[in-house]
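> Using the sequences and the hints, build the whole thing.
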Amino acid sequence: MAAKEGVYTLNVTGGGIIGEVVVTVGKREQQPSPYIAKVFDYLPAPGQFVNKLPEYEEGDTHEVMVRKAGEWLVGEDAWMITLGGWGGYVVFGFDHTIVNVPGKRDFKINGNAFGSALGRPGAPFGGSCEPGIIMVAYDKNKNGKPDEDEWYEIKGSANITAANEPWYPIAVDNGNDVKVIRDYEMTYHRPTSEEPIEEVQPDNPNAFISIKNYIHWEDNQNGSGFKVKNVYHNQTYYPAWVDEEKLTYKGIRLPENGINEGEYVPGVNEGNVYFVLYGFRYGYVDNHPNIQEESAIDIDWAIDKEGNKADLPGIDFVKIYNGVNQENGWLGETSTEVERGEDLHLLGKSIDTLTD
Numbered sequence: 004m005a006a007k008e009g010v011y012t013l014n015v016t017g018g019g020i021i022g023e024v025v026v027t028v029g030k031r032e033q034q035p036s037p038y039i040a041k042v043f044d045y046l047p048a049p050g051q052f053v054n055k056l057p058e059y060e061e062g063d064t065h066e067v068m069v070r071k072a073g074e075w076l077v078g079e080d081a082w083m084i085t086l087g088g089w090g091g092y093v094v095f096g097f098d099h100t101i102v103n104v105p106g107k108r109d110f111k112i113n114g115n116a117f118g119s120a121l122g123r124p125g126a127p128f129g130g131s132c133e134p135g136i137i138m139v140a141y142d143k144n145k146n147g148k149p150d151e152d153e154w155y156e157i158k159g160s161a162n163i164t165a166a167n168e169p170w171y172p173i174a175v176d177n178g179n180d181v182k183v184i185r186d187y188e189m190t191y192h193r194p195t196s197e198e199p200i201e202e203v204q205p206d207n208p209n210a211f212i213s214i215k216n217y218i219h220w221e222d223n224q225n226g227s228g229f230k231v232k233n234v235y236h237n238q239t240y241y242p243a244w245v246d247e248e249k250l251t252y253k254g255i256r257l258p259e260n261g262i263n264e265g266e267y268v269p270g271v272n273e274g275n276v277y278f279v280l281y282g283f284r285y286g287y288v289d290n291h292p293n294i295q296e297e298s299a300i301d302i303d304w305a306i307d308k309e310g311n312k313a314d315l316p317g318i319d320f321v322k323i324y325n326g327v328n329q330e331n332g333w334l335g336e337t338s339t340e341v342e343r344g345e346d347l348h349l350l351g352k353s354i355d356t357l358t359d
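In terms of the working numbering, the sequence shown opens at residue 4 and continues consecutively.
I should point out that these hints are in silico values taken from the structure, not numbers from a laboratory.
Treat the hints with caution; some may be incorrect.
Stated by the list, open to error - Below, computed lysine to aspartate or glutamate pairings styled on EDC-like, alpha-carbon distance capped at 20 Å:
1. Lys253 x Asp307
2. Lys253 x Asp98
3. Lys111 x Glu273
4. Lys41 x Asp150
5. Lys308 x Asp152
6. Lys352 x Glu297
7. Lys308 x Glu296
8. Lys148 x Glu74
9. Lys253 x Glu296
10. Lys249 x Asp63
11. Lys71 x Glu342
12. Lys308 x Glu188
13. Lys55 x Glu198
14. Lys55 x Glu66
15. Lys41 x Glu79
16. Lys312 x Asp246
17. Lys158 x Glu296
18. Lys253 x Asp355
19. Lys352 x Glu79
20. Lys41 x Glu74
21. Lys55 x Asp80
22. Lys312 x Asp152
23. Lys107 x Asp314
24. Lys111 x Glu79
25. Lys145 x Asp246
26. Lys308 x Glu151
27. Lys253 x Asp180
28. Lys41 x Glu58
29. Lys352 x Glu342
30. Lys71 x Glu58
31. Lys308 x Asp180
32. Lys308 x Glu297
33. Lys182 x Glu330
34. Lys352 x Asp98
35. Lys71 x Asp246
36. Lys253 x Glu188
So this is what it looks like as structure tokens:
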């Protein structure tokens, strides 16, 4: 598999014979697009931007919402979609195989992460970092579909533990849940009411909740709680096209990376509430600003279920799901957002890889 046209010499061994094969790779009749070509599935978990990014219209089915997600994500001029709370996902593909080039990062999926100049002195990078876990698939059987047995995990910097993240000691001191749970499962229940219960004050960061016990959830770790509804987003946060009374998601749960740093930003608002969501070092979507090299991904980071290196020649499909379950004051839940996807090689972008 070659990233571009040219003449390649391959060393071949077999049956005691050693030789060389010269292969000429020509241009395709139709040039591939460096951007997302198709969305295969989309199911966000409940969240404050669900039913808005993209927008649900009465009568829309799952198939319609998948099509809408495609209209927003496909091509260069892509718009941002939300994955909602933990576990919410999108699956998409390219019109060609993105080649795994040795020593280089191969693709990038944009989000809306940004850094903050406010917060504690000398703090590591943070702001709005809402990491989405990346799964990749190589279309080995060439059927044009992402088959379930083809998925591999991109090994991010908190694959097993977050202890090496620069913000980890801060999170521990703050009392955050810093565990990485690899076989996590979470179920959300349809809300029983959309009517505001609390007395809200949109300009008061301590009185932004309209329904405190809004969407009940439980997980496979004996944990449970509620997603709150805030005054800033009035639509239902539960995917409106879903008929089921509950939704269950499975995957890896990353540590809570959001910390209220309001004490270091006096006067920022009435309640000194200022959440900073700290960035993981590498390997996630919506975790570093799109212009930074840290947002790019090396296919060589892909691992199988046992943690072994996958050694993929390239990838055709990508699945992103939200990796963090956390409420962050008036910011709302941690919710991965996804925008344009890029084949870095077709765009002529050369970004060196790194090793942990």
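> Please go over all the hints and tell whether each is borne out by the structure.
Outcome of the hint check:
Among the hinted pairs, Lys253 with Asp307 is consistent with the structure: their alpha-carbon atoms are about 16 Å apart, no more than 20 Å. For the hint pairing Lys253 with Asp98, the CA-to-CA distance comes to about 28 Å; that exceeds 20 Å, so the pair is violated. This hinted pair does not check out: Lys111 and Glu273 have alpha carbons roughly 39 Å apart, beyond 20 Å. Taken as a hint, the Lys41 and Asp150 pair is honoured in the structure, with Cα atoms around 15 Å apart against an allowance of 20 Å.
Between Lys308 and Asp152, the direct Cα distance comes to roughly 11 Å. Compliance with the 20 Å bound is thereby established for this hinted pair. The straight-line distance between the Cα atoms of Lys352 and Glu297 is roughly 13 Å, inside the 20 Å bound, and the hint therefore holds. About 27 Å separates the Cα atoms of Lys308 and Glu296, which puts this hinted pair outside 20 Å; it is violated. Between Lys148 and Glu74 the CA atoms are separated by roughly 19 Å; this keeps the pair inside 20 Å, and the hint holds.
Taken as a hint, the Lys253 and Glu296 pair is broken in the structure, with Cα atoms around 29 Å apart against an allowance of 20 Å. Between Lys249 and Asp63 the CA atoms are separated by roughly 19 Å; this keeps the pair inside 20 Å, and the hint holds. Between Lys71 and Glu342, the direct Cα distance comes to roughly 13 Å. Compliance with the 20 Å bound is thereby established for this hinted pair. Between Lys308 and Glu188 the CA atoms are separated by roughly 16 Å; this keeps the pair inside 20 Å, and the hint holds.
Of the pairs offered as hints, the one joining Lys55 and Glu198 holds, with about 19 Å between alpha carbons and a cut-off of 20 Å not exceeded. For the proposed pair Lys55 and Glu66, the alpha carbon gap of about 16 Å is at most 20 Å, so the pair holds. Under the criterion of a C-alpha separation no larger than 20 Å, the hint pairing Lys41 with Glu79 is consistent with the structure, at around 13 Å. Of the pairs offered as hints, the one joining Lys312 and Asp246 is violated, with about 39 Å between alpha carbons and a cut-off of 20 Å exceeded.
Of the pairs offered as hints, the one joining Lys158 and Glu296 holds, with about 17 Å between alpha carbons and a cut-off of 20 Å not exceeded. For a cut-off of 20 Å, the pair hint linking Lys253 to Asp355 is broken: about 32 Å separates their Cα positions. About 15 Å separates the Cα atoms of Lys352 and Glu79, which keeps this hinted pair within 20 Å; it holds. Proximity of Lys41 to Glu74 is assessed by CA-CA distance (about 9 Å); at most 20 Å being required, the pair is judged to hold.
This hinted pair checks out: Lys55 and Asp80 have alpha carbons roughly 19 Å apart, not beyond 20 Å. Simply put, Lys312 and Asp152 have alpha-carbon atoms about 16 Å apart, close enough for the 20 Å limit, and the pair holds. Our distance criterion of 20 Å between C-alpha atoms is met by Lys107 and Asp314, whose separation comes to about 14 Å. Distance check on the hinted pair: Lys111 and Glu79 sit about 13 Å apart at the alpha-carbon level, within 20 Å; holds.
Distance check on the hinted pair: Lys145 and Asp246 sit about 33 Å apart at the alpha-carbon level, beyond 20 Å; violated. As the CA atoms of Lys308 and Glu151 are separated by approximately 13 Å, the hinted pair is consistent with the 20 Å bound. For the hint pairing Lys253 with Asp180, the CA-to-CA distance comes to about 18 Å; that is within 20 Å, so the pair holds. The suggested pairing of Lys41 with Glu58 holds, with an alpha-carbon distance near 18 Å, which does not exceed 20 Å.
About 18 Å separates the Cα atoms of Lys352 and Glu342, which keeps this hinted pair within 20 Å; it holds. This hinted pair checks out: Lys71 and Glu58 have alpha carbons roughly 8 Å apart, not beyond 20 Å. About 24 Å separates the Cα atoms of Lys308 and Asp180, which puts this hinted pair outside 20 Å; it is violated. Distance check on the hinted pair: Lys308 and Glu297 sit about 25 Å apart at the alpha-carbon level, beyond 20 Å; violated.
Among the hinted pairs, Lys182 with Glu330 is consistent with the structure: their alpha-carbon atoms are about 16 Å apart, no more than 20 Å. About 19 Å separates the Cα atoms of Lys352 and Asp98, which keeps this hinted pair within 20 Å; it holds. Straight-line distance between C-alpha atoms of Lys71 and Asp246 comes to about 18 Å, which keeps the hinted pair within the 20 Å bound. The suggested pairing of Lys253 with Glu188 holds, with an alpha-carbon distance near 4 Å, which does not exceed 20 Å.
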